[in-house]
Each structure stands twice: as C-alpha cells, then as structure tokens.
Amino acid sequence: MQQETDKTGYFGSFGGRYVPETLIHALEELEEAYERYKGDPEFVRELEVLARDFVGRATPFMLAERLTKKWGGANVWFKREDLAHTGAHKINNALGQILLADRMGKSRVIAETGAGQHGVATATVAALYGKECVVYMGEEDTRRQAPNVLRMKLLGAEVRPVTSGSGTLKAALNEAIRDWVTNVEDTHYIIGTVAGPAPYPRIVRDLQAVIGRETEAQAQERLGGDPDAIVACVGGGSNAIGIFHQFVGREGVRLVGVEAAGHGLESGEHGASLTGGAPGVLHGSLSYVLQTADGQIREAHSISAGLDYPSVGPEHAYLKDEGLVEYVSVTDEDALKAFVECSRLEGIIPALESAHAISYAEGLAKELGPGKNMVINMSGRGDKDIGVVAEHVGIDAKEAEEASGDQ
Amino acid sequence: MISPAEGLRAAFTEGRTALIPYLTAGYPSLEGAYEVGEAYIEAGADVVEIGVPFSDPLADGPTIQNTANRALENGADLGYCFELASRFSGRVPVVLLVYYNNVFARGAERFLAESAEAGVSGLVIPDLPIDEAVAFRKMAGEKGVAICPLVAPTTTEARLDKVAEAASGFVYCVSVSGVTGAREKLPQGAVDLLGRVRAKVSVPVALGFGISTAEAAVEAAEAGAEGVIVGSKLMQIVADGGPEAAGAWLRELRAALSGGAGV
Ligand SMILES: Cc1ncc(COP(=O)(O)O)c(C=O)c1O
Numbered sequence: 001m002q003q004e005t006d007k008t009g010y011f012g013s014f015g016g017r018y019v020p021e022t023l024i025h026a027l028e029e030l031e032e033a034y035e036r037y038k039g040d041p042e043f044v045r046e047l048e049v050l051a052r053d054f055v056g057r058a059t060p061f062m063l064a065e066r067l068t069k070k071w072g073g074a075n076v077w078f079k080r081e082d083l084a085h086t087g088a089h090k091i092n093n094a095l096g097q098i099l100l101a102d103r104m105g106k107s108r109v110i111a112e113t114g115a116g117q118h119g120v121a122t123a124t125v126a127a128l129y130g131k132e133c134v135v136y137m138g139e140e141d142t143r144r145q146a147p148n149v150l151r152m153k154l155l156g157a158e159v160r161p162v163t164s165g166s167g168t169l170k171a172a173l174n175e176a177i178r179d180w181v182t183n184v185e186d187t188h189y190i191i192g193t194v195a196g197p198a199p200y201p202r203i204v205r206d207l208q209a210v211i212g213r214e215t216e217a218q219a220q221e222r223l224g225g226d227p228d229a230i231v232a233c234v235g236g237g238s239n240a241i242g243i244f245h246q247f248v249g250r251e252g253v254r255l256v257g258v259e260a261a262g263h264g265l266e267s268g269e270h271g272a273s274l275t276g277g278a279p280g281v282l283h284g285s286l287s288y289v290l291q292t293a294d295g296q297i298r299e300a301h302s303i304s305a306g307l308d309y310p311s312v313g314p315e316h317a318y319l320k321d322e323g324l325v326e327y328v329s330v331t332d333e334d335a336l337k338a339f340v341e342c343s344r345l346e347g348i349i350p351a352l353e354s355a356h357a358i359s360y361a362e363g364l365a366k367e368l369g370p371g372k373n374m375v376i377n378m379s380g381r382g383d384k385d386i387g388v389v390a391e392h393v394g395i396d397a398k399e400a401e402e403a404s405g406d407q
Numbered sequence: 001m002i003s004p005a006e007g008l009r010a011a012f013t014e015g016r017t018a019l020i021p022y023l024t025a026g027y028p029s030l031e032g033a034y035e036v037g038e039a040y041i042e043a044g045a046d047v048v049e050i051g052v053p054f055s056d057p058l059a060d061g062p063t064i065q066n067t068a069n070r071a072l073e074n075g076a077d078l079g080y081c082f083e084l085a086s087r088f089s090g091r092v093p094v095v096l097l098v099y100y101n102n103v104f105a106r107g108a109e110r111f112l113a114e115s116a117e118a119g120v121s122g123l124v125i126p127d128l129p130i131d132e133a134v135a136f137r138k139m140a141g142e143k144g145v146a147i148c149p150l151v152a153p154t155t156t157e158a159r160l161d162k163v164a165e166a167a168s169g170f171v172y173c174v175s176v177s178g179v180t181g182a183r184e185k186l187p188q189g190a191v192d193l194l195g196r197v198r199a200k201v202s203v204p205v206a207l208g209f210g211i212s213t214a215e216a217a218v219e220a221a222e223a224g225a226e227g228v229i230v231g232s233k234l235m236q237i238v239a240d241g242g243p244e245a246a247g248a249w250l251r252e253l254r255a256a257l258s259g260g261a262g263v
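Residue numbers (our numbering), protein chains in the order written: chain A, 1 to 407; chain B, 1 to 263.
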C-alpha cells in the first residue's frame, strides 16, 4: 500500500505521511509554503546571505595530511561542517526552516535533539528571528551532552527533558510530535534530520544539499574532478544525504554511510537500522526500523547521542535498496579510537558521530590506495563529547569537565 | 449472516448515543484487561474499543502511554490482543485501536485475517491517514473488517469528502488538536467538527479524545455525536479503583446519556 499517496511523498516505496489526521493540514501547509518559497528570489537571497555571514559558509575543504600519511592509503579530505556556526551541519537545516516558519506566520518553534547540536542550531535561529523555542531532549542525552543544554538555555530556549523509554532521541521525537499535534496552530516543528513525514525528508535534504554542492566545486578546484569516495555518518541521515545528494548515481564516486554498531550488531545494542533493521513505520514515515517481530520499536544504543536512533530517513532506505549507497557500521569502541586519533593527529576534536565516519574511512582509504581521494564529512565538532570520551578513555574527567565549560 | 462491519454500524441505534469505552489490552494485567472488558459490557457498553499496546504511541497522552508500557511489560503481544478481542466479540462489537507498525510488521493481510477470525468489527489506526490507506481499505473490505477513519478539527472540507468515501465503520471525530487525555470541558472545536462531519458522511459519527465527564458526553450527544468514546478517564479509574469502579462510572454515564439530553 506504499505508492498511492501523492507520489511526491515517497522515495521508491519508502517515506509517506503516517501521522495523526490533526497534522495533515500542517504538513500540506508546509509543503505549499516550501514550494512557494524555495524558488522565491527574496527567500533564496535571505538564506544565502545568512549562510555566508551568520553560518560562515562555504565551509573549508581540507587535506588531512597526517591521517593520510598514517593510514597510508587514499588522500583524506575533510569537509569541515564542524566549522559552521554552532559547530555542526545542523544549522543549514535549522536556518532554512526558520525562514519558512517566519513566512508561515508561526510564532513558536519546537525541535527534538539527540546530541544537542540540532537543539542548539534551532535555539540559535529562534533567537535570530525572535521566536519562542522549546527543545525536547532525552534525559540521558541531557546528561551526556550537558554543554549543549547550557548553550540552548543561554540562547533563550526551553529544554524539556524526556524520560520515557531509554531517554534518548526516539523519546524526544515522540514528545516533539505530541507537542506539535497540540499546538499546531502557532507552532512550526523544525525536525532535525531527513526523517519524519513528507515533506520533511525532502525539505531537510534540500537544505543540507549545500554541503555536497560545495564539496563538488571544491573538489573540482583542488582535485580537478570528483573524489573517489565520500564517507559520512548516518543517524537520521541528514549530513550524509547533504553531502551525497549531488553525487548520487555518479560514476566513479563511492558513497558510504556509516551507522552506529554500538556494542556490536550481534549484541542487539546498536543504532544500525539499515544494516540491522527491517522496513517499518516510525515517526511518520516508512523506512528501516529496529523492531520486534510484533512491530514494537526497539531501543537503540550508541555512545553517540546523535546516532542513537532506531530508524533512519526514508531516502536512505531507498538508496540502500537501490544499491546507490553502501551502508556499513562502526562500534562505540572503534569510534572512540578514531575520536582520539583525529584529535591528536589533526588537531580537530570531531563529534562522536563524525568519529564513526572517520573510523570506517581508515579501512576504505587503505582499500582505495594512494593517489585516490576520499572525503569524510566532518559533520560536527566534539566539544560536547569530551565528558563522555574522558569517561571511556580515561583522560582525567575533571580536566575534561573544565574544558567542556569553555567552548 | 451480517458481517462484523454491519454489526458495528448496527450498534448505533436511532435515538440512543452509543457508549464506546476503551481499554488497553494487557492492562492492568493480562487477566485484568479481561475483567475491565467484562465490567464495560455489564455497564452497557455498545462497542468495546481495545487498544493494542505500542511502544511509541504518538497520538496518546501520558495516561494511555503508561498503560501501554505496563501492558508490554506484562507480555501483551498481538496474539494475546486477538484472543482478548475474541472473548468479547460474540457479545458486543469490538474495534481495535492499533498503530500502523503493529499491522505492517504482522503483514496487513495476516493482521486482517486474524482480526476477522477474532470477530473484530473495525479498526482505528491513528497514524494511517486515509491517503495512505487505499490498498489496506480494500483488503479490509474483503475480510469484512470496517475502517473507522479519524477526523480532526484541522481536517479540511476537501478531506472530509474523502473520509466520507473511505469510512465503512464509524467516523472517529477527534475532539481537540492534541493527544488523548482527560479534559474537563468539551471544546467548541468539537461541536463545530461534529456538525461538519454529520453534514458529509452517512456512517455513524463518534466523538473521542478527552471526554471525561457525563456533562461533556451529553454535550457531545446534543451536538450530534452518535457515539462517545471514553479512554483516558476510564484507564485512570481502572488504575485507581479497578474494573468495578470503571463499570460503576460507565453506568452513571449511560444513565446520564439515556436520561434527559441523550436524545
Ligand atoms: C555532529 C553530528 N553529526 C551527525 C549527526 C547525526 O544526524 P544526521 O544523521 O541527521 O546527520 C548529529 C546529530 O545529532 C550530529 O550532531
């Protein structure tokens, strides 16, 4: 029964709009507004100016020389989304959506957040546009990403901890959707990734696709052509779609999405919905989902709050089934090693999410071999994670805590 | 022989407001849910709505979320839910409130076959709006299981036309923009919605979400509801006072509805 909604809401057989009737009108309104404004010169210009002056785009494209040397394979390039204002790619989406919210006359915005980066991005653009802002965040995540909670509050947002389930991203999404159902008249829901009901996956993808467009131009300039491979971590999938979109289906460019294997796929404790899940419906769309035989959603696990989610955006489900993108996974332990290695060799503390991509990239660089070019999407910076990392790798926790207050 | 779907429509008799109490399958315990249903039937329920517990019930407020969590801890799986439904379905029409992933994971065909076998008359699927349900509706029709689509105060006239076409059981009017949970008063939006829906559809129209007092139920009946669905309030009463207390409260509601205003 997948295909018979109005065609635009699906990627192959994935996607759709599986939400309570109350929200349908709001989704139709959003779709209309997006269609109206995405090509509107004034809207486009406002977004471009802010992307440049407020976010700091274009983000740099950098050769990671010491990692390249250490790994001894392909040249390793970083697309530096960690240098975007607020420290992750999430701002690209939040900015575009606040412009839409403003034009739709909504006075209040809400968001869910896992790592806190999307929450911070939303709180930031809400401050910029003078909107009331409420962010839902799993209680466990408010603990492990504490610095970001502080940042959101400083920016004037209200952070509502969510205790249901394991107190992580899935619970935060549930609560954000319930809030939206209740306050749909004056509220716009700024979803943080390419998941959710149509038209969100498409809107968020379009807003993040700037990453791939810049990468293409930068690679052209620096490498004289396309890279041989692009690697990105996949939670909901927005930074990955953002950098992949421009390259999907292009000959000679391998696209690799890295999910969280947590304690290992065989442990059952992971966030790898594409590699370890099955088709199902969660949070408004049909995609790959971690679930029981009865269709109860399982709790995900990842050391990285941004990848700790039992589903994934529907376009990734489509790209997987079509064989257009390879999906793999990396454990907590390996991500931690990559986190430390990148910090020490490149002077860049990556987000734990991005560290999953870095970890997988090591093997891929070796496989591709010298002379080839591989891009890693450095989706965010890791200041938020140093407490958690310190706990696990035994850097003095006190030092780490002090440092985390400093960012 | 009449089909379960026809039985469901027949539960809405002219001049009487149908009483549709909700229970979460497996709450407060696997056996306790059975006692709750028995208490509902004794108190004069016209239809019993059984909620299949789901891990992530997006349309539900804290009360029903808590019952679902408890039910899942108690081991209420789909097999149990169908078995529970079959215990009541010979005496009163039973509708299942089920989130779509529970249907999808089972396979739509199989879910419908098992529903029909358990004597289930109709399905309410809060996260399957009519546009996504075209093929499913056809399959359900073949199995004689009715679809009870939801409409909300935000539903446009154009969509109401589609609902009118899609509904084979009753139309479930959601009284507020929001999640389930007991509320004191019937919102004005609910009254307007009932009027708009009754003008469009030929199947019975029931109102739910937040009805927690006899006054609100009577008001709903006066505004044209042919049935009232009561969920969170009853689950609260079950939590505090058990099945008998829920039965007693429902009897009072029945009396209030049949008394003066219940048309
Ligand atoms: C830095 C960073 N990278 C990646 C992610 C994962 O999200 P997505 O897969 O949507 O890019 C997050 C989410 O919080 C994040 O903060």
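To be clear, the hints were calculated from the coordinates, so they are not data collected in a lab.
From a predicted model like this one, the values you see are computed outputs, not experimental measurements.
A virtual CB, placed ideally from N, CA and C, is assigned to each residue, including glycine.
Please note: incorrect hints may appear among the correct ones.
Away from chain B, derived, C-beta distances all over 12 Å, residues of chain A [claimed, not checked]: (1) Val49; (2) Arg66; (3) Leu128; (4) His283; (5) Glu346.
Covered stretches of chain A, as calculated for chain B (at least 3 residues, CB under 8 Å) [what the hints assert, rightly or not]: (6) 37 to 48; (7) 164 to 177; (8) 251 to 261.
Hints, one by one, checked against the model:
1. Val49: At roughly 35 Å from the nearest Cβ of chain B, A:Val49 sits farther out than 12 Å, so the non-interface label holds.
2. Arg66: holds, 44 Å
3. Leu128: holds, 28 Å
4. His283: violated, 8 Å
5. Glu346: holds, 39 Å
6. 37 to 48: violated (count 0)
7. 164 to 177: holds (count 5)
8. 251 to 261: With 0 residues closer than 8 Å to chain B, the stretch 251 to 261 of chain A misses the three-residue bar; violated.
When the structure is compared with the earlier hints, violations turn up for hints 4, 6, 8 and for no others.
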